[in-house]
Amino acid sequence: MAKVEVTIVTYRDIFQEEAKEIGRYSDEYRDLSALILLDRGDMKLIKTEDGQTVQVETDGGMVVVTARLSEEDEEHPGLAFMPNSPWSNQLVSEDTGTSKIPEFKRIKAEVSATDKDVDTISELVERIRADY
Amino acid sequence: MAVCTGCSLLCDDIELEFEDGKISLTKNLCRKGEGRYRSLREDRLVPAVDGAKVGFDEAISRAAELLGDAENPLLFGWSNSSLEAQRIGIDLAKKLGATIDDTSSFCQGYLMEKVLRGEYPTCTLDEVRNFADVLIYWGSDPSSSQPRHMSRFSYFPRGEKRQRGYDEDRTAIAIDVRKSPTVVIAADGFFRIPPGGDAEFIEALLAALGGKIPKVKDKKMKKKILKLGSTLRKAEFGVVFPGLGLIYSLKDEIDKLTPLITRLNEVSSYKLIPMVGHYNMRGFNQTLLEETGHINRVSFKDGVEHGTQFAVTEAVNDCDALMVIGSDLISALPAAISKKLARIPTVAIDPHRNLTTDMARVTIPSAISGLEAGGSALRMDGVKVEFEPVIKSGYRSDVEILSRIMEAV
Ligand code: SF4
Chain W
0 MAKVEVTIVT
10 YRDIFQEEAK
20 EIGRYSDEYR
30 DLSALILLDR
40 GDMKLIKTED
50 GQTVQVETDG
60 GMVVVTARLS
70 EEDEEHPGLA
80 FMPNSPWSNQ
90 LVSEDTGTSK
100 IPEFKRIKAE
110 VSATDKDVDT
120 ISELVERIRA
130 DY
Chain F
0 MAVCTGCSLL
10 CDDIELEFED
20 GKISLTKNLC
30 RKGEGRYRSL
40 REDRLVPAVD
50 GAKVGFDEAI
60 SRAAELLGDA
70 ENPLLFGWSN
80 SSLEAQRIGI
90 DLAKKLGATI
100 DDTSSFCQGY
110 LMEKVLRGEY
120 PTCTLDEVRN
130 FADVLIYWGS
140 DPSSSQPRHM
150 SRFSYFPRGE
160 KRQRGYDEDR
170 TAIAIDVRKS
180 PTVVIAADGF
190 FRIPPGGDAE
200 FIEALLAALG
210 GKIPKVKDKK
220 MKKKILKLGS
230 TLRKAEFGVV
240 FPGLGLIYSL
250 KDEIDKLTPL
260 ITRLNEVSSY
270 KLIPMVGHYN
280 MRGFNQTLLE
290 ETGHINRVSF
300 KDGVEHGTQF
310 AVTEAVNDCD
320 ALMVIGSDLI
330 SALPAAISKK
340 LARIPTVAID
350 PHRNLTTDMA
360 RVTIPSAISG
370 LEAGGSALRM
380 DGVKVEFEPV
390 IKSGYRSDVE
400 ILSRIMEAV
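Residue numbers (numbering that gives the first Met the number 0), protein chains in the order written: chain W, 0 to 131; chain F, 0 to 408.
Bear in mind the hints are in silico, worked out from the structure with no lab data behind them. All figures in this text were calculated on a predicted structure; none of them were measured in a lab. Incorrect hints may have been included.
Partial pick of chain W residues on the chain F-facing surface, computed with a CB cut under 10 Å [said to hold, decoys possible]:
no.: 1; residue: T9
no.: 2; residue: Y10
no.: 3; residue: R11
no.: 4; residue: Y24
no.: 5; residue: L36
no.: 6; residue: R39
no.: 7; residue: G40
no.: 8; residue: G59
no.: 9; residue: P85
no.: 10; residue: N88
no.: 11; residue: T95
no.: 12; residue: K99
no.: 13; residue: P101
no.: 14; residue: E102
no.: 15; residue: F103
no.: 16; residue: K104
A virtual CB, placed ideally from N, CA and C, is assigned to each residue, including glycine.
Using the sequences provided together with the hints, build the complete structure.
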């Protein structure tokens, strides 16, 4: 399976912020959170299209989210964007360096196409609980 | 008129209409604030112990037990609580000999500390509205996170010395790695930088302000930065609004920003207001600073101690009980750290169900500030805003919950 290496920058989105206020468990919150915005060229490399699911993997973890074509004016191969959420946080390393602030906005990851469904919040919760 | 606690702008112009004791119409709320109002009816938390519903009193006494029996309790959250609740929280931490930390610890803390200690010049948002002509949104996106920032204060409104409208009177600069909605408004004032490119951009700007050619490879960008240098020099009243993009890029090297702020104040007059998210993060930082000399990451185990070992991301390694108030910590932190959190016996106080409350031993539902509970808070610029409850509900305020826990431990 073709993979593409990207640096993920997380961001906040007002529609997602609104959905968060209403509830972490809503489908609306998942639809607006479990996303990765990719460069057109990167999408081609991994043979995926807008709206299909992709697997995103880092040393910290793995998550399945929906791929979206980024709306940036300029091409940005190797750079991807994700709304800040429990989905993006599956990927952030626990290494916090001297500042003790996690690397929320510079996540090195590999993205590949997948047939799997988008992870639900309950699945994320299960994974967090797994080592109980 | 009601106050919205949806973000650190604490909008105090919210108009409400009621029908049968319920809010039937709201005016002036942004989408995010609208979400907060709608949340009155969604996913409310219930008092529970180990997943079983209990009465409020039982939840309080189990919470007190859990915290009182611990060797190393950690009390976290606070930026979604009123000043009054924060004060009790700090007293509770003292009484328990606990570690106390808030969301600023992995967010705006490094910068907020500079502002609160008077190391960076700052001003109020009302001054911004009345006088500011050059606005620098740096790694911040108010259109998404503080949605009425540009319309109430910084860009669109007319003010005392800004009577001709934004297109003539104000210049918006946006420095970002992506085309955010704020970038779209700033249009020609957009400077795209690579992730982590903030320190380099600071260098380039310093060169441009000193009349030197900035060391930038891209020719177009070089020209643009030189032009920006002259725009910045001509400002009468400039304001920098740094967001998480800048903070996460510099982190504990935030001092790299200092020469730029100093230089800007040599060529003109510049202020800085950190773009805080939660409605009362600044309140907690200021209160703790007054009490202990530190804005966050404090332990009361042995007098007052401060250090990175008391940052929530570290303290999680050796705390044996956790209280989280008004924060969905499990959602907010990397999964690897959340896994550790999930193993710690936790008391979660929140108006709503979330990932943290779902993993907690004891849950205590609370009232939503500004809607069901009154109090006061510090807006992102330090202005104190007071709010009254606007509807009756059976939910207890953070003040009441914390006072009860305090009595019981
Ligand atoms: S800008 Fe912030 S305080 Fe104002 S209405 Fe929106 S969420 Fe509420």
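Hints and how they fare:
no.	hint	in the structure
1	T9	9 Å, holds
2	Y10	6 Å, holds
3	R11	5 Å, holds
4	Y24	7 Å, holds
5	L36	9 Å, holds
6	R39	15 Å, violated
7	G40	17 Å, violated
8	G59	6 Å, holds
9	P85	5 Å, holds
10	N88	5 Å, holds
11	T95	5 Å, holds
12	K99	4 Å, holds
13	P101	5 Å, holds
14	E102	8 Å, holds
15	F103	6 Å, holds
16	K104	4 Å, holds
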